[in-house]
Amino acid sequence: MRLGMVIDLKRCMACYGCQMSCKTEHGTPPGIFFARVLKREEGTYPSNRMIFLPVLCNHCEDAPCVDVCPTEASHYAEHGIVDIDHDKCVGCHSCMVACPYTNRYFRDEKQHYFGAAGPTPYEVARSDRHPEGVVMKCNFCRPRLAEGKLPACVDNCAALARTFGDLDDPNSAVSRLIKERGGFTLHPEAGTGPNVYYLAP
Amino acid sequence: MDTQRYNQLISDLRSDYRPQREWGEGKGLLMVVGHFLVGIAGGAWLLGTLYGSAWTLVLAFVLGGLGGLVHLAFLGHPERAVGMMRHWRTSWVSRGFVGLSLFLLGGVLYLPGQFVALGAAGPALNLIGGVMAMLGALTIIGYMGFAYTASKAIPFWNSPLHPALYVAYALRGGIAALLIVGAVKGGVPAETLLKLWIGVTAVVGLFFIMELQGAATGGNVAAKQSVHEILNGRVSMVFYGGTLIVGLAVPALLLATSHAASAAVMALIGIASAAGDFFMKLSTVRAGVYLPLVIPARHHRRA
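Chains as they are written, first to last, in numbering that gives the first Met the number 0: chain A, 0 to 200; chain B, 0 to 302.
No lab work stands behind these hints: they were computed from the structure.
Among the hints, a few may not be true.
With a cut-off of at most 30 Å between alpha-carbon atoms, the simulated DSS-like pairs for lysine-lysine come out as follows [as the list claims (entries may be wrong)]: (1) K109/A x K26/B; (2) K87/A x K9/A; (3) K178/A x K87/A; (4) K87/A x K26/B; (5) K9/A x K38/A; (6) K148/A x K178/A; (7) K178/A x K9/A; (8) K87/A x K109/A; (9) K38/A x K194/B.
None of the values given here were measured: they were computed from a predicted structure.
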């Protein structure tokens, strides 16, 4: 089984629901976004439009972050998920400069959204558990998957733009979408074999 | 993360060409300093052995030790550093850590025998320590360039010329160390070293020009942006002031105007050359920009 995600850019309306639900689920500290949405204006008036591109860790089959990690903290977990063992991470940042998708973040110190006011009860409950001095990233919500749930960004996508499933199963929804609608990956030239696919806008 | 850095990160994430700030800015500056010190250490050990200069070997060992400490200070969790030996099969950072450990251990075994008689154990310690230190020196000379080349996110670094450039930097640093030691302690062939400095500097310059030219003409948009950052962007002052003026023009002027290789001239050339290498590494590292995340053109729908 190889878990992967398909994001339909025709459906995505850049509501930031994925970004917010991810932040809520993981309680990621300020400056750390396991999922985010890129917006870019393309063309010139009157033929201009906004392009939306939701991004997250691509859980590559040949992940450069795993190769360069000196401590094996970045590793392949079950079903092709790329995860970080925070107890092994030394915080050398080499995985961050190796990831062509720039979806890794370094947590250098304890930080809160409201500065001098101190942490909110939510931050105490959710954010403070994250260790400092390590790199963080999306892990396809492994704890949710273990409970039989979908990743938070998939479950909370209001436009149903995200589909999650087994890329090795030719009959799965993700495989069919990729085949029928010509799914593509970002930076295929990097040769990393991403498991996150996109459908053209 | 303070407000200023948070705002900078958000601004970076929104920009078309996100500058890499992991290595080279803030605490990341320690990474460049570490690479600079370790590079000189490797080159100095190699050339110190070649020219039989025991004091250059001492300087190499001290710089290697300092470089190691600076590297540790850069890490988020230095107490876990021993674990960095784990993944040497694929990680150049891991190989560098192994190499530096080998170099320092070898140096501890080898150096005492250069200054005092160690008795019956002397020859064995010299042999084992010498081999370990030389293997470590060769590894640390080589690993840095490969560590950058393995960074697929930064196309400017992801060049086959980068390792060769870092080897050439290490040799230039080694010559600089020999010149400085020669100025203080004597016993090095100054004229030969200065000729060698000119030759290696020419090679460094050639490699660097080739790398810039390759990135500017054959590279992708991020590589081209990095070239722009060096020549006309946010790191151009470091490049022109540090690399070209301090690292190249000052030593060249000293060479051209000094008739004899005096101790002061040798020391000044060595210091300026080493400083230039530092600024060259700094500008190359800071010029790195991440590959932009865009939808491939063939998948765009017409507006």
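How the hints compare with the structure:
1. Pair hint K109/A plus K26/B holds up; C-alpha atoms about 16 Å apart against a cutoff of 30 Å.
2. Pair hint K87/A plus K9/A does not hold up; C-alpha atoms about 40 Å apart against a cutoff of 30 Å.
3. In summary, the hint linking K178/A to K87/A is not supported, as the alpha carbons are separated by about 39 Å, beyond the 30 Å threshold.
4. Taking the CA atoms of K87/A and K26/B, the gap is about 20 Å. The hint holds against a cut of 30 Å.
5. As the CA atoms of K9/A and K38/A are separated by approximately 14 Å, the hinted pair is consistent with the 30 Å bound.
6. At roughly 25 Å between alpha-carbon atoms, K148/A and K178/A fall within 30 Å of each other, so this suggested pair holds.
7. Distance restraint check for K178/A and K9/A: the Cα-Cα separation of roughly 16 Å lies within the 30 Å cut-off, and the hinted pair is therefore satisfied.
8. For the hint pairing K87/A with K109/A, the CA-to-CA distance comes to about 19 Å; that is within 30 Å, so the pair holds.
9. For the hint linking K38/A to K194/B, the alpha-carbon distance of about 55 Å lies beyond 30 Å, and the restraint is violated.
The earlier numbered hints that this structure contradicts are 2, 3, 9.
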